[in-house]
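Produce the complete structure using the sequences and hints provided.
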Amino acid sequence: MPPSSVTLNILRSYYPVVLTVQDYLAQILGHRGNPAAFLIHETDTIPYRSLLTNALVCSRYDPIYGTINVASPMVHFREIIENAQREMLTRAKGKGRTSDVLVAGYSLKRPPGQQGRATLQNYFVNTIVTALDSPEWDSLFQSIGEDAMYHLLTETCLFMSLPNGCYCQMNGEFIVLRSPPPLQPSAPSVDPQEPIVDNMSDSHRQHKRRRPPQSNIPIVRARMFYFRPHYVQHTNLLVIGLPPGHALNRLHASRHLRPENVRQAFMDVSSREQAARSRHLAKYVFPRQFGLANPFVVDFSVFSVHKLPDYSDREKAITALGPVKTPQRIKAALPLLEQLIWHHSKCGYKPILQRVCPSKVINERNQPLDSSIILEMVSEHSIQLHSQAVISDPSISHDIGSTTFGSALSQIQRQAKHKPRFAEFACSHAEVYYYAVCVTKAVVPLSLWGSEKNFKVICRHVKSFISARRYETLTLHEIMQDFSISDCDWLMPAKPQARVNATDTLKRLELAQEFLFWYFDSFIVPLLRTTFYVTESSAFRNKVLYFRQDDWATLCAPLIAKLSGDTFQKITQGTASEIMRQRTLGFSFVRLLPKETGVRPIVNLRRKKVATKYSNGQPQLSINQILQAAFQVLTYEKNAQKHLLGASVFGHNEVYTKLKTYKVRLESLSPDGSLPKLYFVKVDVQACFDTITQDKLLSILRKLISEDVYVTQRYGTVTLAAGKIKRTYVKTAMPDDDHPHFISIATKLAETLRNTIFVDQVVYPYTQKKDMLQLLEEHITENIVKIGNDYYRQTIGIPQGSVLSTLLCSFFYGDLERNELKFAQDSQSTLLRLVDDYLLVTTSQAKAKKFLDVMKRGHPEYGCFISKEKILSNLDAEDLMNTVHPGQPVFPWCGYLINMRDLSVSVDYSRFHPTYLSDSLTVDTGRKAATTFLNKMLQLVKSRGHIIYTDAHLNTGHVIYCNVYRNFMSVAMKMHYYLRSWKLDIAKSSRFLQKSIHQIIVYAHAAMKNKAEHKIAKASSAQFDVQKIQVLWLGTHAFHTVLSRKAHVYTQVLKALEFELSLPRYRRFKRRFRAVTKDGLEMFTLLTF
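Residues in the sequence shown are numbered from 10 upward in steps of one, following this note's numbering.
Among the hints, erroneous ones may be present.
Think about it this way: if two alpha-carbon atoms lie no more than 27 Å apart in a straight line, the pair counts; the simulated DSS-like pairs of lysine-lysine are [what the hints assert, rightly or not]:
| no. | residue 1 | residue 2 |
| --- | --- | --- |
| 1 | Lys651 | Lys740 |
| 2 | Lys571 | Lys369 |
| 3 | Lys647 | Lys1027 |
| 4 | Lys859 | Lys579 |
| 5 | Lys571 | Lys705 |
| 6 | Lys651 | Lys571 |
| 7 | Lys571 | Lys472 |
| 8 | Lys795 | Lys951 |
| 9 | Lys735 | Lys951 |
| 10 | Lys705 | Lys651 |
| 11 | Lys733 | Lys757 |
| 12 | Lys369 | Lys667 |
| 13 | Lys472 | Lys1055 |
In short, the hints are calculated from the structure, not lab data.
Below, the structure is given as structure tokens:
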């Protein structure tokens, strides 16, 4: 089998030379004509032949023809391996650590006081070295001799072939530790006559300073989010405008930061002082001209273009620079910078804010809202802590939208309609934009923009910057569009030029870029984050909300007070310091995430602890990083003792397996294979994480941990994702006495993964049971959080945002289910629980009522009580608040719609917010915008292609085709909103869109077919009957139906889709899928398109 082209392209991006073992040896041994003649004989084994033709040799240098002679080996192969290990360890001496796969787990030791050769010691089992002792490698050694084998082990990187285009690294520098280079374009096949050399992929060039293109220089919007307010010194007044440490405030503080006694009697400074200040500011605005750090020359060994350093404070760098002559080309800008400093000192940031963006928490009497009113806005259960990991996990869907349909609105929904939404206290994007523009007009001299036209261009970009979604950004390339450099007189040279040469044009462009980058990165971003609390919302997905900092403080004060009274206990600074001194884990931060009717506190356990003198100035591990070993151990126990999880499901796979098994079981019990009447009950645990009994949980964990010592296997993978090389680090815990061969593990993984390079990290850490339990007890019972400037200790429940939260919850409620809910786990029933959402499906109405009664009664020992207003069922009970509508055939649960007659599963689109289509997107308008657009659309259509929606044994044919059709409709709707935000010229890009739509449809069928061949689907005997031609028609018709609503925009695209649908091969599907397309029209109502 020839090497996979995908994997070859990945390796060629890292190494200039990539050849098979046979072809590489032909080069260095001087047998270029017929390499197989001297290496392969009739008696050779199949593994040996496979090694020669499939394994790859990678090198940074071209193989030199005939440099190594073949001679019969005089030593054993094991001795050659040891000599190669000695050589690599000797080379690594002084580098701090070894980075070669071959020597991982080995070291050189010389007994104290003795001279001579150091001893090679093996302190950890390296199964890669063990694999080299196999017969095929020894046969290769016998064929090529000592010198050639030694050369392969010390001068190249070998990759052993595995199934499905996968490889395992056998020696050389760990490829997974190297920064992924840009993917090389498809290269010609491996040819020994012409070794492939990629001059641009030398690893040593990654560490050179180079200038990234404008399209790669972003304005880092992430710095605006969740910023805590500044206070005027010695007061409780919030700072409005630029922060106190900003360069402008350092040079000449704005009037609201100056002491009261000098606000009115403002003293002018001397002209010399003014000139000095303008020169100092110039080093912030034009750092490249002074040789200071700047985004235009990035050290790629430290930063990537998407993680630029913060340039807000350059004082240390300026001091280290010392006195320096002002460059001639920026002298014309110094008077303008003087004006900018003066305007800033006089600017009334707060009056401007009050005028264009008034407070939202002032009542009719011009007084702040009372705390009781604010608490009334927040429903009883909406201030429960939720895990940050769960919220961001795309595999877990939370039922936070409507739970019933039509007239069957639940009581909680009816109440919510009359409550003011928390987001209504946010400032509109227009108000924030007006504030930014007014401040800019007041502070930045018009002459710096050059003209009104340029200023309007920048204002347009400021508006885009403010209204962009959570993960979108703006690049310098976009900002420079339509900005006229020739309008800026201060960019002109001192001496008039009759003709502008290319060098001067580039210098003008350079200065303009520096100024515009400073304006957005060091003026707009600090201005917005100091004046507003910027955050996203769980209700509005990626839409960004701006709250005035004073409004946010008023809104949060009563909520934090209630939270600290219910779940946390305030402790003194001294107590907190003493606790943290004695514990491994530090403290975490709490922030409030707005919801539609309140807020949800989020605890950030992923934030790294601040660097201290004890950590050599390096950031310390976050709490979640410290808990990784515990997470791996609990994951091992989850897989080894599945019965302890009870009804837990973690995503599509588990939900599919349970429902499919249940349906097959019911069909087998029925004489005619039909399903009996099914009863559904859904309940939600109230304050799930906050009410878990800590002592009970710890007793469960002590019984759960089954081994005395665990070892955590670590390996990396390198693969291709969305056109980019992607590195992934994988950790797996296992018992200490179970140390499998990594080649065996990689071979097993290659059965399900394709075109992946596996790299064993060899040295694995150990975890003792007693240490694990001690860490878990500390994490659960001594959780310290910081809210504002105060410390709190959690008194009930488990830490939120922890990487362990979902697993701890699953084991805890699994214990409850084994002790209290055994009656609901027989052959006639199935019980599912996604975190805190229970679903019981049973054939017995009595069991359904019993389950409901038991859950209503609660379980004080476990702290488990349900939210009665969130109960939903199809029982005929008069005392139930919420029941499904009699004519409704489906039951909603956690984003699924489950048919109450045949258990068919579809997606619950009704749960999405009206602005979901637009707010859930992240639009990339950078250099590879077209590629990114297509990849995002492919991922969208793939996300709902799981076998749970297409298995013919679980779903009826109509439901399957409806799932496929609605999936295409939702993607088409999102595509429209994406294109609108991208501002693509549809008329000029119609051909591109036609190709993209066709590729999306074809990919959807491939993705569904791939899911049907997954091990989960095979284990459940899944049946996938959807044909490619059916998917092509459904997809084409869905896109045509959606885009027809915007016919004036997609004229050419619609013509192409109509022509495709009119082809003879599709004619029979119009009648066959008439019911499917009719049901699909509901999507326009469900998703507000």
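**OP:** Provide an ascending list of the numbers of those earlier hints which the structure does not satisfy.
**Re:** Violated hints: 4, 6, 7, 8 and 12; rest satisfied.
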